[in-house]
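Residue numbers (the numbering used here), protein chains in the order written: chain A, 963 to 1407; chain B, 963 to 1407.
If you're looking for bench data, these hints aren't it; they were derived computationally from the structure.
A hint or two may mislead.
It does not matter which identical chain is used: a pair holds within one copy or between any two.
To be verified - Here are the simulated lysine to any residue pairs, SDA-like style, with alpha carbons at most 20 Å apart:
no., residue 1, residue 2
1, Lys1269, Gly1234
2, Lys1233, Asp1178
3, Lys1172, Ala1011
4, Lys1335, Ser1079
5, Lys1172, Arg1253
6, Lys1172, Gln1055
7, Lys1172, Pro1057
8, Lys1335, Ala1195
9, Lys1172, Asn1097
10, Lys1112, Asn1023
11, Lys1269, Trp1385
Protein chains: 2
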Amino acid sequence: MAIIDLDTHTDERAASAPGITAAPRRSGRPRVVVVGAGFGGLSVARALARAEVDVLVLDRNNYHGFWPLLYQVATAGLEPESIAYPARAILRQYPRTNFRMAEVSGVDLERRLVHTSGQPIEYDYLVLAAGSANNYFGNEQLADQTFGMKDIDEAERLRSQVLLAFERASQEADPARRATLLTFVIVGGGPTGVELAGAFAELIRHVLRKDYPMLDVAQARVILVEAGDRVLASFPAKLQRAALRRLRAMGVEVRFGAAVQSVAGDTVAFKGGDALASSTVVWAAGVRGARLGDRLGAEMGRGARVKIAPTLNLPGRPEVFVIGDMAYLEGYKGSQAYPMVAPVAIQQGAQAARNILAQLADQPMRAFRYRDKGQMATIGRRAAVFDAFGVRLSGFLAWAGWLFVHLIELIGFRNRVVVLANWVYNYFTYDRGVRLITSDATRKQ
Amino acid sequence: MAIIDLDTHTDERAASAPGITAAPRRSGRPRVVVVGAGFGGLSVARALARAEVDVLVLDRNNYHGFWPLLYQVATAGLEPESIAYPARAILRQYPRTNFRMAEVSGVDLERRLVHTSGQPIEYDYLVLAAGSANNYFGNEQLADQTFGMKDIDEAERLRSQVLLAFERASQEADPARRATLLTFVIVGGGPTGVELAGAFAELIRHVLRKDYPMLDVAQARVILVEAGDRVLASFPAKLQRAALRRLRAMGVEVRFGAAVQSVAGDTVAFKGGDALASSTVVWAAGVRGARLGDRLGAEMGRGARVKIAPTLNLPGRPEVFVIGDMAYLEGYKGSQAYPMVAPVAIQQGAQAARNILAQLADQPMRAFRYRDKGQMATIGRRAAVFDAFGVRLSGFLAWAGWLFVHLIELIGFRNRVVVLANWVYNYFTYDRGVRLITSDATRKQ
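Start from the sequences and build out the full structure, keeping to the hints where you can.
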């Protein structure tokens, strides 16, 4: 009974006939189905909150994840719960909006149906905002051999793995084996790789050093490997250099021109013949559009993203929109593709909603226009790079700006309080209270 | 190299010969091995902090769990991280105390060795404080068919299960199946069962009701089943009745004389022929001493607990102590066995430590004497029963006392702040921010 959730908030639906997907909608309102409760999907729901449409948001998780802070979960700085907020709690404030936890397996564009793990769901308008997945560039063996950083489960597994590596090293008599356990390789010099490397270096030098006095902390290595010749490629050159200096000052080894060929057991092999022994390899080298995009039969752009019209819909399908990380659209800084970042997803969500309302009002749709607010990345305590609102900063001021922007954007008052309490505590004590090893520690993905 | 951790806090140990369990201890101090980082084990470590002994604490987890608040994790009131504190962070304040994460598989009492997942560990004195396990009274099939409440992983799984049951019910057309999904059975009317039942009733009535407006919340049932004829059997009769009244006022169905025969699929069968359909059955009907006790070859008391001398050691083995939930000793309120509660474990830990120091000083050991501080249990917002410090209370004052005692006993400043922030937030908003479904949701134990 796919339409249970949508029609009304009273119990009458419980009495309706079961199992009828194509039943007439009693509300009489058009139905907008949004796939994904990330920044893009929530933006669509917010923009349609007062419109005369029924909105159903689907997500495979029951929460919205604030992924810009995911690296803090992996490095024991924040609890998983403080960067996630229940989707129903966010959406229930909108009167005609509903949520369902469901994995979307495909879309029938002709019959206007979304296929899920449960029953198929009809739509009048569809917005696909399913985000991104790790990109292994065809080498899918890497998925089993490396740790990912795409959701809360993965971040928690990485946290357990790093802590367990220290536990095992403290009981390991063989120096070579101990070195392998204490070598942490992060593949990819983008914001995720840089933030992770900095946070791991701090965790080791300020916290684990005290927890494991019997280990020589100089044995522990954090190695950031990047196939290109710079970190934070999307930032201005001056900030790239500042970030690199800072990482090296924190003890992170940064290797350029190092493209990973394979990871097998505890060995990372690079193209050209080099190798490293490490029991923890994190893959942060690339993202691609969510795999749902592959199944649309649409034309694809770089990074396995779905090519869309400037009005954000599939070409020739004005009722189907694709936004955010999943979507490929050129027009950023001239003719580049819009980057896979939250502000793009949020603004595209709002524009897709406006274009749905335009169609309902028989008005022409408008092309997407991006207001660039800039970008930022944090490297450690009092160190960040900030390139936003027309200002380019590095160091303490950049870090304060980063903290401010992330704190006000964090959804939910409770989460803000918990995150702030954690930050204040970590800042003044150099301690981290959440370094728990949970049961998932053995699986990588 | 089992002794790496123990001898010194400098790096010299890294240079010592590997793999020698019976190597002479360079420190020259006697070694006390403590199994378990619970209330009992930590109490031993604290009491030996300034003594001329080396202490090694072992635990299968890397954290100390504050189990009195575990039910809050299962009911989405607190993050797992806020009731757990890294064992190394607690123990590193003591100069000659070390920690190792290891599962203890047995003890060789003759050769004075503890067997672990890693190398065997020598001891001069041994304190076993491994706590308790679920007691299925011989019906081990129940372990696979019910949810447990013994550690953080189990509590998190239960949380995911309850939230997932609501998600599934909201998509379920069959009314009978929906009712099964929304029936939550808690077996056992002790403090754990009562606290869980009250907290689930609040979660459903105040939070999930708003999250799932399409579900008739009256369909959701929380059923507390108890084989005896009262709840909180260890409390005074007046407080038992107060707790029962309060539970029923909150909508919890309490059934007495209901002994579970079996749980199979979604059916709970009771002795006598009754049955209930429920997809979530929580086992809180009994605890027993940790299974490590079974492998000692010692005489056992009721509840699979190890019989000990009044001086807390194994009879005839002055160097081996067993304390807390694992230990069976009579003398409570006349001739009853000491209950399996934190204050007993804490006081026994201190006494075991004093008896070790007495032996080292060639002094006689002293028998354990218990200072009873009372007991308390919370039932919901502003409702608890409190029988401590000579005061018997129920209602708001009991709840305030409960909150105060638990907050000051919570280890770590950070945890206190996070827990308080959560409580204040929940109290004023009737909301709970941490109701996340994580990947473990499908397994029961």
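Now for the hints, and whether the structure bears them out:
1. Lys1269 / Gly1234: This pair counts as neither: shortest intra-copy Cα distance 35 Å, inter-copy 65 Å.
2. Lys1233 / Asp1178: Neither. Shortest intra-copy (31 Å) and inter-copy (60 Å) distances fail the 20 Å Cα cut-off.
3. Lys1172 / Ala1011: Answer is between: at 18 Å across copies they meet the 20 Å cutoff, but 51 Å inside does not.
4. Lys1335 / Ser1079: Classified as neither; 38 Å inside a copy, 53 Å across copies.
5. Lys1172 / Arg1253: neither (43 Å within a copy, 33 Å between copies)
6. Lys1172 / Gln1055: between (46 Å within a copy, 10 Å between copies)
7. Lys1172 / Pro1057: This pair counts as between: shortest inter-copy Cα distance 12 Å, intra-copy 52 Å.
8. Lys1335 / Ala1195: Result: close within a single copy only, 17 Å intra versus 62 Å inter.
9. Lys1172 / Asn1097: neither (36 Å within a copy, 38 Å between copies)
10. Lys1112 / Asn1023: Close inside one copy (13 Å), not across copies (26 Å); limit 20 Å.
11. Lys1269 / Trp1385: neither (40 Å within a copy, 47 Å between copies)
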